[in-house]
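All chains should be built: construct the whole structure from the sequences, respecting the hints.
Those protein sequence lines, which keep their order, are chains A and B. Going by this note's numbering, the final residue of the first sequence carries number 483, and the count climbs one at a time with no gaps. Going by this note's numbering, the final residue of the second sequence carries number 483, and the count climbs one at a time with no gaps.
No wet-lab data here; the hints were simulated from the structure. Please note that a few of the clues may not be correct.
Since the list can't tell identical chains apart, any single copy or any two copies may satisfy a pair.
What the hints assert, rightly or not - In the DSS-like style, the derived pairs of lysine-lysine whose C-alpha atoms are separated by at most 25 angstroms in a straight line are:
| id | residue 1 | residue 2 |
| --- | --- | --- |
| 1 | 388 | 402 |
| 2 | 181 | 196 |
| 3 | 476 | 194 |
| 4 | 468 | 196 |
The residues making up each chain are set out below.
There are 2 protein chains.
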Amino acid sequence: MKKIMNAPEAYTDDMLKGIYMAHPEEVKYVNDDLRCYCTAKKKDGKVAIITGGGTGHLPLFLGYVGEGLLDGCGVGGVFQSPSAEQIYNVSKEVEAGAGILYLYGNYTGDIMNFDMAAELCEMDDIETRSIVGADDVNSNANPDTRRGVAGIFFMYKCAGAKAAQMGSLDEVLAAAQKAKDNTRTVGFALTPCIIPEVGHPNFTLAENEMAMGMGIHGEPGVWNGPILTADELAKESLDTLLGDMPVAKDEEICVLINGLGATSIEELYILSGSVRSILDEKGIKVYRTFVGEYATSMEMAGASISICKVDDEMKQWIDMPVKTPFYTQV
Amino acid sequence: MKKIMNAPEAYTDDMLKGIYMAHPEEVKYVNDDLRCYCTAKKKDGKVAIITGGGTGHLPLFLGYVGEGLLDGCGVGGVFQSPSAEQIYNVSKEVEAGAGILYLYGNYTGDIMNFDMAAELCEMDDIETRSIVGADDVNSNANPDTRRGVAGIFFMYKCAGAKAAQMGSLDEVLAAAQKAKDNTRTVGFALTPCIIPEVGHPNFTLAENEMAMGMGIHGEPGVWNGPILTADELAKESLDTLLGDMPVAKDEEICVLINGLGATSIEELYILSGSVRSILDEKGIKVYRTFVGEYATSMEMAGASISICKVDDEMKQWIDMPVKTPFYTQV
Numbered sequence: 154m155k156k157i158m159n160a161p162e163a164y165t166d167d168m169l170k171g172i173y174m175a176h177p178e179e180v181k182y183v184n185d186d187l188r189c190y191c192t193a194k195k196k197d198g199k200v201a202i203i204t205g206g207g208t209g210h211l212p213l214f215l216g217y218v219g220e221g222l223l224d225g226c227g228v229g230g231v232f233q234s235p236s237a238e239q240i241y242n243v244s245k246e247v248e249a250g251a252g253i254l255y256l257y258g259n260y261t262g263d264i265m266n267f268d269m270a271a272e273l274c275e276m277d278d279i280e281t282r283s284i285v286g287a288d289d290v291n292s293n294a295n296p297d298t299r300r301g302v303a304g305i306f307f308m309y310k311c312a313g314a315k316a317a318q319m320g321s322l323d324e325v326l327a328a329a330q331k332a333k334d335n336t337r338t339v340g341f342a343l344t345p346c347i348i349p350e351v352g353h354p355n356f357t358l359a360e361n362e363m364a365m366g367m368g369i370h371g372e373p374g375v376w377n378g379p380i381l382t383a384d385e386l387a388k389e390s391l392d393t394l395l396g397d398m399p400v401a402k403d404e405e406i407c408v409l410i411n412g413l414g415a416t417s418i419e420e421l422y423i424l425s426g427s428v429r430s431i432l433d434e435k436g437i438k439v440y441r442t443f444v445g446e447y448a449t450s451m452e453m454a455g456a457s458i459s460i461c462k463v464d465d466e467m468k469q470w471i472d473m474p475v476k477t478p479f480y481t482q483v
Numbered sequence: 154m155k156k157i158m159n160a161p162e163a164y165t166d167d168m169l170k171g172i173y174m175a176h177p178e179e180v181k182y183v184n185d186d187l188r189c190y191c192t193a194k195k196k197d198g199k200v201a202i203i204t205g206g207g208t209g210h211l212p213l214f215l216g217y218v219g220e221g222l223l224d225g226c227g228v229g230g231v232f233q234s235p236s237a238e239q240i241y242n243v244s245k246e247v248e249a250g251a252g253i254l255y256l257y258g259n260y261t262g263d264i265m266n267f268d269m270a271a272e273l274c275e276m277d278d279i280e281t282r283s284i285v286g287a288d289d290v291n292s293n294a295n296p297d298t299r300r301g302v303a304g305i306f307f308m309y310k311c312a313g314a315k316a317a318q319m320g321s322l323d324e325v326l327a328a329a330q331k332a333k334d335n336t337r338t339v340g341f342a343l344t345p346c347i348i349p350e351v352g353h354p355n356f357t358l359a360e361n362e363m364a365m366g367m368g369i370h371g372e373p374g375v376w377n378g379p380i381l382t383a384d385e386l387a388k389e390s391l392d393t394l395l396g397d398m399p400v401a402k403d404e405e406i407c408v409l410i411n412g413l414g415a416t417s418i419e420e421l422y423i424l425s426g427s428v429r430s431i432l433d434e435k436g437i438k439v440y441r442t443f444v445g446e447y448a449t450s451m452e453m454a455g456a457s458i459s460i461c462k463v464d465d466e467m468k469q470w471i472d473m474p475v476k477t478p479f480y481t482q483v
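And the structure:
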């Protein structure tokens, strides 16, 4: 295992210490618990948005806490859910008088703990709503049981914008729901990654083998086979995406080409070009293209392609400036 | 070789096509040559800054072309220099009446081609100055023959800021020189990377072996041995950096923790925390910490640590907002 760290069991907390030391003006923790990650720039009267999930996906999840995006994050160990108590402690800190939206990925442990945190909040008369990202088309035929992956970025962006505009809790939820309804993702892995405390990959891919549809924790995909070219990957991915959510000629989408960790930025742009060429042929308009690492699996090689169908309202949300220690857009 | 691409020989140009398709309002190419990479937002009367170098280091080099930073970039093949003609064509496009600063890394091929481009410019009465980044302490005892690596970010930032403030060509050169004089880098690799057209790593590192001081093209370092912990890596690196450029108690520095490609953002923050703890112990003040991928070697695992000693003038330059398709700071 080739990782820069001090000890496998210290991975998450050492990472958090490094983040707080680097960005003390922007983020802080509460309850003497490094894993209760909160904005240091709370804004009175604004709906608070809280996310959470396991470590190992930076900039997901905590990297989106900051101006114009989220207000807090419960941080779990590598690929583990934060506890209900941690989410509740973050909630008490960032709640600013307008209620809280819980916005996170569709994973069993996370759902259980966010739901318990919501019950604890209710006892304190803090109003909460919940919505989960479930954009990974290949993870299930049923949209309700799909996993949440990189497409949650568009939910963060739209909900964060509506909250920054001082929308009500129900309006912020509706913005997240609108982004969810219009976002789909397909991902593929070329290599596994290693959980520090495990010390070896939890699956293997042969030389020249890839896994189409693999999840960001290594959940099995729809096929394993020889590595496709960028053009082939773009075509198969768009066939899947547009098969699940049709986009008509002249409709507009945003595209997110996300690297899973070890894949170079060069390759992401090669893939982005392949995707764009097909969209151009189909007459689907691209409003904005995002390329980079938005949701990773540590040192996994691979990428995901997300599309988000946008109207004028969503374009305005997506264009709003944001600033976190991990992601700045102007 | 596990890469997302269409063909090894198309790697650089497919990448460039993807970039131009994704960011048409920000960058363009001239002379029908994808590798003549120019800002689409030329500003009259401003000193133009041009960089260049091989593909495979994104966001270095072209990723720093944009508002508040650079104006153009000659793009070479993977780990190869751009041609003199390409640099000259970029020069003719972005020159805006105040001359050009060539600011690039200290590599033989690049120096030859930038010098030839400067001669071509001279025949057109375009004034140029040149400066090379040479921040990699472990690459040579003699500062003049050191390689340029991630620390060039601070030269870009300071020169870019001075140019945006409409400084003269000599003032922009002086800003780059000031950043150069105050910046040092130490890097280490945990894995090699693969040049697409070669198809296999050009060196090997055993399981649990790392290379301290290795260059971003795999140039040999000062030692190979078992992987150190983050705390040990931070200590040895800072000993080297501060041995070469002493920083007194209460002096201020910026720190750049740079990932070489495959190393996770989590690990970079673990390393950042280790570096910061040592600096705090020494009483060296950290003005600003940058963590992420600033200069990579495709899918190489590893990191570099740069320090840049800052005074009030440099802090103002480093804090100035910039915006490129790859790097935004507000």
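Hints violated by the structure (numbers, ascending) | Failing hints: none at all.
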